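There are 6 protein chains.
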Amino acid sequence: MRLLLINPNTTASMTEKAAIAARAVAGPGTEIIAATSQMGPASIEGYYDGAIAVPGMLRELKERQATGYDAAIICCFDDTGLEAARMFCDVPVVGLCESAVATAGFLAQRFSVVTTLERSRILIDNLVQRYGMGGRARVRASDIPVLELEDPLSGAIGKLRAEIERALAEDGAEAIVLGCAGMTDLARELQSIYGVPVVDGVAAAIKQAEALVSLGLSTSKRSSYASPLPKPFLGAMQDFAPTPVLA
Amino acid sequence: MRLLLINPNTTASMTEKAAIAARAVAGPGTEIIAATSQMGPASIEGYYDGAIAVPGMLRELKERQATGYDAAIICCFDDTGLEAARMFCDVPVVGLCESAVATAGFLAQRFSVVTTLERSRILIDNLVQRYGMGGRARVRASDIPVLELEDPLSGAIGKLRAEIERALAEDGAEAIVLGCAGMTDLARELQSIYGVPVVDGVAAAIKQAEALVSLGLSTSKRSSYASPLPKPFLGAMQDFAPTPVLA
Amino acid sequence: MRLLLINPNTTASMTEKAAIAARAVAGPGTEIIAATSQMGPASIEGYYDGAIAVPGMLRELKERQATGYDAAIICCFDDTGLEAARMFCDVPVVGLCESAVATAGFLAQRFSVVTTLERSRILIDNLVQRYGMGGRARVRASDIPVLELEDPLSGAIGKLRAEIERALAEDGAEAIVLGCAGMTDLARELQSIYGVPVVDGVAAAIKQAEALVSLGLSTSKRSSYASPLPKPFLGAMQDFAPTPVLA
Amino acid sequence: MRLLLINPNTTASMTEKAAIAARAVAGPGTEIIAATSQMGPASIEGYYDGAIAVPGMLRELKERQATGYDAAIICCFDDTGLEAARMFCDVPVVGLCESAVATAGFLAQRFSVVTTLERSRILIDNLVQRYGMGGRARVRASDIPVLELEDPLSGAIGKLRAEIERALAEDGAEAIVLGCAGMTDLARELQSIYGVPVVDGVAAAIKQAEALVSLGLSTSKRSSYASPLPKPFLGAMQDFAPTPVLA
Amino acid sequence: MRLLLINPNTTASMTEKAAIAARAVAGPGTEIIAATSQMGPASIEGYYDGAIAVPGMLRELKERQATGYDAAIICCFDDTGLEAARMFCDVPVVGLCESAVATAGFLAQRFSVVTTLERSRILIDNLVQRYGMGGRARVRASDIPVLELEDPLSGAIGKLRAEIERALAEDGAEAIVLGCAGMTDLARELQSIYGVPVVDGVAAAIKQAEALVSLGLSTSKRSSYASPLPKPFLGAMQDFAPTPVLA
Amino acid sequence: MRLLLINPNTTASMTEKAAIAARAVAGPGTEIIAATSQMGPASIEGYYDGAIAVPGMLRELKERQATGYDAAIICCFDDTGLEAARMFCDVPVVGLCESAVATAGFLAQRFSVVTTLERSRILIDNLVQRYGMGGRARVRASDIPVLELEDPLSGAIGKLRAEIERALAEDGAEAIVLGCAGMTDLARELQSIYGVPVVDGVAAAIKQAEALVSLGLSTSKRSSYASPLPKPFLGAMQDFAPTPVLA
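Residue numbers (the working numbering), protein chains in the order written: chain A, 5 to 251; chain B, 5 to 251; chain C, 5 to 251; chain D, 5 to 251; chain E, 5 to 251; chain F, 5 to 251.
Keep in mind that a hint or two might mislead.
As the list makes no split between identical chains, a pair holds if one copy fits it or if it spans any two.
No farther apart than 25 Å at their CA atoms in a straight line, the calculated lysine-lysine pairs in the BS3-like style are these [claimed, not checked]: (1) K163 / K225; (2) K235 / K163; (3) K66 / K163; (4) K225 / K235.
These aren't lab readings, by the way, just hints derived from the structure by calculation. Remember, predicted model here, so these are calculated numbers, not experimental data.
Let the sequences and hints guide you as you build the complete structure.
Shown next, in the form of structure tokens:
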């Protein structure tokens, strides 16, 4: 089984970190193909960055078709462009946020998601609601710029731990979900410190993708996620046209 | 007051039709600046088309800053890229779906939205839920490809009327919202045929944009819609970086 | 365009203040006709006051028909008698709360409503939920009796500011809605102090009423808001019978 | 125990029918005091009628205080003026809709409410949602004007039975709630015909009122239902001022 | 009228206390038959205890059929096995939590439930949501093991009062629901101390059961609560088979 | 990895069928230990059967601890006793319904669950709502007694297919979830017939259990699912006491 792990931001070090986490949990027959978007923002902090990141992510989905993959994981907790990717692909596509909150739902009745910046908090809260966990989960921001997670001297981990402690004390959280792909290396240690399940989206998404492939299930092509219709695409986007005119 | 009406698809005839509708309802001091995206799909039918359309829409928002506008209207019923646009702009930005359903809420306790293709139905239903009207509105598709609305011989109007009649008979709809920018020219006539309010998103959005400008209100820059943070954008997207390095 | 601004309480000074706010935002061709109820409570603080205020408000709606109006605004943040007024009138009727929260929805994903007394807080919270903003807005009371807003020495503004500050600090509010018609003169200043959008219901309602009239839209007469059926009304209420017997 | 059963419409024959139903279920020590509003509409069909009916209902609540009552029942399925009555009274006040749906909740997981006219359907649906039964109950109208229920030759019962049969067939209803005080005499027979629980609001409300009195419970005077504040009431409503100025 | 009050835990002293509370509010013609489960946990603290308690509770329901009862009350605030009991019985069955929150709904728009241990809090919160009161009620735990309520020296009452005070101060609670059958003797005194309605589930459930019996209403046997189908039950559970094979 | 697949009903042929399905999707290192409850009903059709089945299921969980397992799957679509099992076990426990709807959520925005009898429909609908999929999924019954699924001549498959076809035609379902463990052998064929994803709960649950074990995650022991407290259990249930008194 070949899983395409696409980082929709353009920071290769984050892709590397996520790929390590992915490979650490992948099943014996699973190959992780890590890809970094070649066009777009260096990190995704809010809706604008996310919107600009989507074409680069979709391009990777397309270009990697040549060598093949059995499922794709969009490696950003905002689930950047997830619906568009589902329309584009014939294979399953999963997001980190949806995978993480679905996984947490098997472990706890109430949990908290701890993300980076305040500007991402409500975006993620809206996702959590759409995924049906709005009544069970609270989303918190810990005031960490995404790229600070790459810098061990930034103090980011201290901020993250302080926010987790508030979630445990104030929310009655029974589990913690780490709300950024860049936190993937911290899950095990935080779980051992706090004695509650700590769910990392990267790892969770790998297992969900493996599950779907194993089960022979893929995105429904009926209605919402039907393949894009052939039509002209203009300008710089012309190569995104879903079906080139055949000669 | 100058309102920028951006069509996020690249079909200029749809922009023209929308501009006519916009000017028909605009207040005496309002100038409508119609813009058509220069890159992206010819119509927006589902998530994939929508995602690819966003950069072209944002580019128009940026390029038109030189000549100035007081608010922007994203002229697609999917509210394509609305949140990204709100982060980017200092002036108000409104969408057609959110404007139409907010307007319908002043007229009726229960209403139905009639859109084009089944693939757009659930996308719009999700929007309607986010805008808080999920308990009051049902979304229906009438099996019309968007560009057929441009062709008087396509039979599109017959399909649309049949679906409106089902909404009145089966949903107990008290009002109808037309769920595609390309239906903007039909609202008045359908209202007179069916004797219930028929809300067109283009017209509704123009009035909401005028209202916000008149009231001296603009998008909150606290939290969700804070301006994009300066950071590198790579590749074909590099000119979307929010703040170019100053010399 | 003639807009009837009805104060459903009997305090003419509040009507005056609201009329000033209304005229300040009204479009060039809009005439504001301010009316004060001639029967009922001096202020509306809770359900009892509101229920007794409705007949006086409806009487104004009826008596002003002789000189005509194109839409009506019920000038109390409790949206006193709004549904009854919609049944009675053939022209659009809008409320302050519904206009304000709809307007705030275009500006912010999360916002707080700051009203006067605790007894009005849950009443307004129930309205906010019915208008579909329950998941996006928190309602707060600032312990100000309504008529203290008319008295510059009452300390009311200090209490209001303190509550706004709590909303910003504790709720993560991105915008503030002023939850009483008597606060209409404070919106601009508070917006400038706090740097977030501050929405006043009076101004918002004027623009919504103008929008509906401009768009040729009025209350649906199908189902919920159908015109009252002719029938006997007894006693002191007999002149409220919807259709007088024709000679 | 003395229970005040107030009919907020002015049709005494409906009061009589409801009083018979009330006495049939009242406990041995319970006296039913039936009162008919002396001012307002002959029947309540929609929001306008309801709003005009409230002062007459509140007047009965006040005038009957001289002879005393231990709880009050507002005898209309729209729960006309219920919140205002709760503020006014020191004793418990219950409505028919809230009593009926709370009672049905002990009998069935899903049920349908069958009311009279379409114009009352959504009003009641909104109540059902506020009472927390929105996910469990569907509201249906049977196209019966209220006063036709007083006329055995009107065909009303046939329409009501047809709608109940649709509820059983289409909604999977496990129980039926009769959505009009004027249907109170039909419950037992319909229950025996259809073999599912049929809940009548009048009878249900009597038992809820008895329960509250027996339990020594009354309306909370903290926050929403605090007693009306003393203040001037003008014009025809001056005798509704909650506390007359003492000499 | 004979009401069967079943304590699903095996602590007879709790049954006694509940029976006293039940008899104190029962109507003149009501006989309370108190039964204690003969198999299962001494107290019910969380899902595991509750699951093991159900067969013992159902056995009492069955064995007491010989002497007859007109309705049953399951005397635990977790509404232990309520749905199973409704399937089993032909007479009405009510739970404490559902009775208490339905009763509180007639008294207050917002209220708080104060229960014992944190492990029961979310269980009860889930019940409150299913009963439709999720938007109106907050559930709090006071860190009291259930059996400490039987011990006057345990300090349990002090903890309970402290939590009630937090509910009043922080939640804006207008009424309090006591969230454990073992608190039934405290309701009246707490109501007098705090000046808000304090609802006890035991007393509330007795009145709801009396109401259903008086109204001639019983559990719907259509769909969810249809009588158990005859089939083999194996092993230690064989005598729970719903209908033994007739000779 | 050793997964304990417990059938909470006592029909060994259903356990066998489920074990085959489980082994078909299990990963290379996964051993499936199939267990059938030794006490309780032969099938679980509604709440009563389910409640009686729980002790037998918990007993298997306990007895199999001697030989060890890394996670448990409760093999009934009603998720029989799932919360109790989570309190009891230190290893993860998953249910079929929660696994299936979580899985379907990765494949489709709207889907339908097709179960057996009407009496199970609302039970499952309530589960679907608790798992957060209430807005995305409709539950349907196909009028098949559970044990008929074991009989190829029963006509059960025809009924099931008819109901799936109604789901596709009337619900706009994008995917189908099979709502009974006894349907596990039909998923692949139905998927190929209807061209939409068909999710089987048994297979889905195996993959979720594998995922949790691989990820080093287990049920949170904070709050809802804390281990049962030591206390006396009486009578036939005494061996379910969580911690026997140590000598």
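### Query
Which hint numbers doesn't this structure obey?
3
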